[in-house]
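**Student:** Now for the letters of each chain:
2 protein chains.
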Amino acid sequence: MEYRKIKDEDKDGTSVTDDIESLGGKPLSANIAASERSRWMRKTTVTFALTLLTSSQAILIVWSKRAGKYEYSVTTANFMVETLKCALSLLALVRIWRNEGVTEDTRLSTTFDEVSVYPIPAALYLVKNLLQYYIFAYVDAPGYQILKNLNIISTGVLYRIILKKKLSEIQWAAFVLLCAGCTTAQLNSNSDHVLQTPFQGWIMAIVMALLSGFAGVYTEAIMKKRPSRNINVQNFWLYVFGMVFNAVAILIQDFDAVMNKGFFHGYSFITVLMILNHALSGIAVSMVMKYADNIVKVYSTSVAMLLTAVVSVFLFGFHLSLAFFLGSTVVSVSVYLHSVGKLQW
Amino acid sequence: MEYRKIKDEDKDGTSVTDDIESLGGKPLSANIAASERSRWMRKTTVTFALTLLTSSQAILIVWSKRAGKYEYSVTTANFMVETLKCALSLLALVRIWRNEGVTEDTRLSTTFDEVSVYPIPAALYLVKNLLQYYIFAYVDAPGYQILKNLNIISTGVLYRIILKKKLSEIQWAAFVLLCAGCTTAQLNSNSDHVLQTPFQGWIMAIVMALLSGFAGVYTEAIMKKRPSRNINVQNFWLYVFGMVFNAVAILIQDFDAVMNKGFFHGYSFITVLMILNHALSGIAVSMVMKYADNIVKVYSTSVAMLLTAVVSVFLFGFHLSLAFFLGSTVVSVSVYLHSVGKLQW
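Which chain is which? The protein sequence lines are A and B, in order.
Be aware that the first sequence starts at 1, since it is given in the UniProt record's numbering, and climbs by one per residue.
Be aware that the second sequence starts at 1, since it is given in the UniProt record's numbering, and climbs by one per residue.
In short, the hints are calculated from the structure, not lab data.
Take the hints with a grain of salt, since some may be wrong.
Calculated cross-link-like contacts (lysine-lysine; reagent style DSSO-like; alpha-carbon spacing at most 30 Å) [claimed, not checked]:
1) B:224 - B:128
2) B:128 - B:148
3) B:165 - A:342
4) B:164 - A:342
5) A:164 - B:342
6) B:342 - A:166
7) A:164 - A:225
8) A:166 - A:128
9) A:165 - B:342
10) A:342 - A:225
11) A:224 - A:342
12) A:342 - B:342
13) A:261 - A:128
14) B:225 - B:128
15) A:148 - A:165
16) B:166 - A:342
Examples of chain B residues lying across from chain A (beta carbon under 8 Å, computed) [said to hold, decoys possible]:
17) 170
18) 192
19) 321
20) 340
Computed from a prediction, not measured in an experiment: that's the story for all the values here.
The C-beta atom is built at its ideal place from N, Cα and C for all residues, glycine as well.
Using the sequences plus the hints, can you model the full thing?
**Tutor:** And the structure:
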């Protein structure tokens with residue numbers, strides 16, 4: 001019904017009349033144009049929200065590290081993030097029910113067919129997070145940050161294969177540049193160590209990139225499968241399974257710590273801020289998946305990484321390296337080529 | 001007459017019939033196609049020649065440095081390079097005169113109008129080379145190598161402004177990437193020093209990049225002004241003025257050394273090899289200017305820089321850095337985008 005290919009939505013999004021207040025008397029084409037414009041606005045808004053939330057997320061992490069080592073269990077914090085997202089989705093739904101009543105698209109009850117796919121992204125992320133502990137046997141933390149850029153390529157490839165959406169040749173070139181640019185921006189004097197990563201380390205990094213890319217692409221497929229379905233219902237079910245799988249992670253990794261020191265041990269004001277931020281960016285990711293796509297998400301988080309570094313200069317007195325400038329230039333050209341590639345092909 | 005925009009020459013160069021042996025009986029269009037094909041072949045050949053000669057040039061420099069410091073006067077070597085190029089052009093001309101006789105396009109005698117522009121590139125290079133000694137007051141040698149990549153941008157800008165040739169938007173993006181990629185490939189742990197370059201250093205680096213770009217663009221204008229004019233005549237006059245200006249450089253910089261130790265002091269087998277290589281790559285540059293353009297030259301020398309590094313791994317046991325891989329990736333994408341940009345626009 002409401003669903004159309006995102007790629008098509010954009011084309012006229014900018015060339016539309018500014019007058020969207022008096023739609024009633026307009027012919028059908030103006031209505032369509034206005035609705036495309038509002039879709040474009042929504043897509044842009046969620047993309048900006050995701051970029052800003054992701055940047056502030058990284059800054060909060062730096063801040064919390066400066067304040068000392070993590071004292072809390074990361075798994076309990078992840079569980080709290082899922083719980084908060086679930087609660088927020090439910091709150092939004094209650095508001096909709098009050099204003100518009102319960103419809104086929106906003107009711108919470110579901111069928112097995114609809115809900116059966118929702119655990120898959122959460123399960124993939126759980127496996128990926130567990131693997132994360134083992135990869136450090138082969139790679140150090142800065143090396144892992146570098147290898148994580150493989151996510152960009154895996155997302156592009158799986159987006160093409162699974163969602164069967166085409167990128168133009170220029171957009172593929174832009175995607176390779178995005179990966180190279182992000183990695184360049186993160187280079188430091190020790191980065192060359194990553195080239196000595198043993199074979200097992202590379203395999204694990206590639207498997208993790210594929211798991212992460214697959215989870216992202218699968219989430220997009222879920223969110224777009226039934227476009228008219230209210231996003232808060234979809235989020236609610238997605239996050240319920242997130243809670244379940246994070247509960248499993250607590251049992252596997254932090255059972256003793258939680259039993260001995262309590263669920264909320266080591267929580268501080270900054271921990272609460274981080275949980276709030278992660279919850280909001282999680283919801284922003286869902287919205288980008290529904291109203292835009294994985295490619296927009298990858299660009300958004302990459303630009304956020306650069307923004308974080310620039311903001312850190314002012315906040316923490318970090319120095320920007322020449323590699324950062326070069327990487328940022330390449331990422332900027334990539335963003336430009338991605339949009340030019342879309343218009344031309 | 002023979003002259004057409006290089007941009008147009010390419011388009012059908014690859015889609016032409018393979019049968020170029022029996023041209024006589026073919027209609028005119030086949031003749032044109034065959035002549036375009038031969039132009040494309042010539043352009044490709046000179047580009048490859050320049051790339052290979054430039055790579056081996058850098059390898060000879062590394063080799064000569066390994067063998068010890070320069071014992072000879074660089075200015076006398078440069079003079080010998082110009083003399084050799086002049087002699088080679090004359091030799092080629094004599095062969096042409098014997099085979100085809102002297103024509104309007106192959107005769108050596110010239111008018112003031114034709115020859116008056118030939119000293120300008122040599123003069124520009126002289127000023128640039130003299131400035132080179134002063135910039136080291138502000139930048140160290142590796143920093144200077146990094147700043148030299150500004151040549152890429154200045155060549156592109158001057159090519160557009162002076163020769164009035166258009167690059168597509170994608171080709172401009174590719175050019176920015178070429179500059180960023182080459183710089184990334186050269187990054188090392190001390191590269192960040194270049195960011196502390198004082199204002200005067202930046203100004204000098206920009207002025208030198210403009211001089212170098214202007215000399216290149218001016219040479220192209222000279223070579224293409226009269227397309228039917230034999231390239232060896234054009235080279236002869238270009239190199240005669242090269243000899244004159246390098247003689248001036250000997251007087252300014254190495255007069256005492258030459259007077260006391262002799263003109264050829266410190267020359268070794270490798271010095272002779274380097275002079276031979278520089279002469280041949282100089283002629284290749286002229287040919288690229290006549291049959292291709294400055295953009296091709298910049299791409300050619302950039303790819304040569306990457307080839308040199310790869311070959312040095314085998315020859316001298318150098319290690320390739322992660323930055324090198326990233327930079328090479330960006331340069332490769334840039335080469336791809338440059339050709340795609342040309343076809344599409």
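**Student:** For every hint, state whether the structure bears it out.
**Tutor:** Going through the hints against the structure:
no., hint, verdict
1, B:224 - B:128, "24 Å, holds"
2, B:128 - B:148, "12 Å, holds"
3, B:165 - A:342, "26 Å, holds"
4, B:164 - A:342, "29 Å, holds"
5, A:164 - B:342, "29 Å, holds"
6, B:342 - A:166, "22 Å, holds"
7, A:164 - A:225, "14 Å, holds"
8, A:166 - A:128, "27 Å, holds"
9, A:165 - B:342, "26 Å, holds"
10, A:342 - A:225, "23 Å, holds"
11, A:224 - A:342, "21 Å, holds"
12, A:342 - B:342, "17 Å, holds"
13, A:261 - A:128, "27 Å, holds"
14, B:225 - B:128, "25 Å, holds"
15, A:148 - A:165, "23 Å, holds"
16, B:166 - A:342, "22 Å, holds"
17, 170, "7 Å, holds"
18, 192, "5 Å, holds"
19, 321, "5 Å, holds"
20, 340, "7 Å, holds"
The structure agrees with every numbered hint stated previously.
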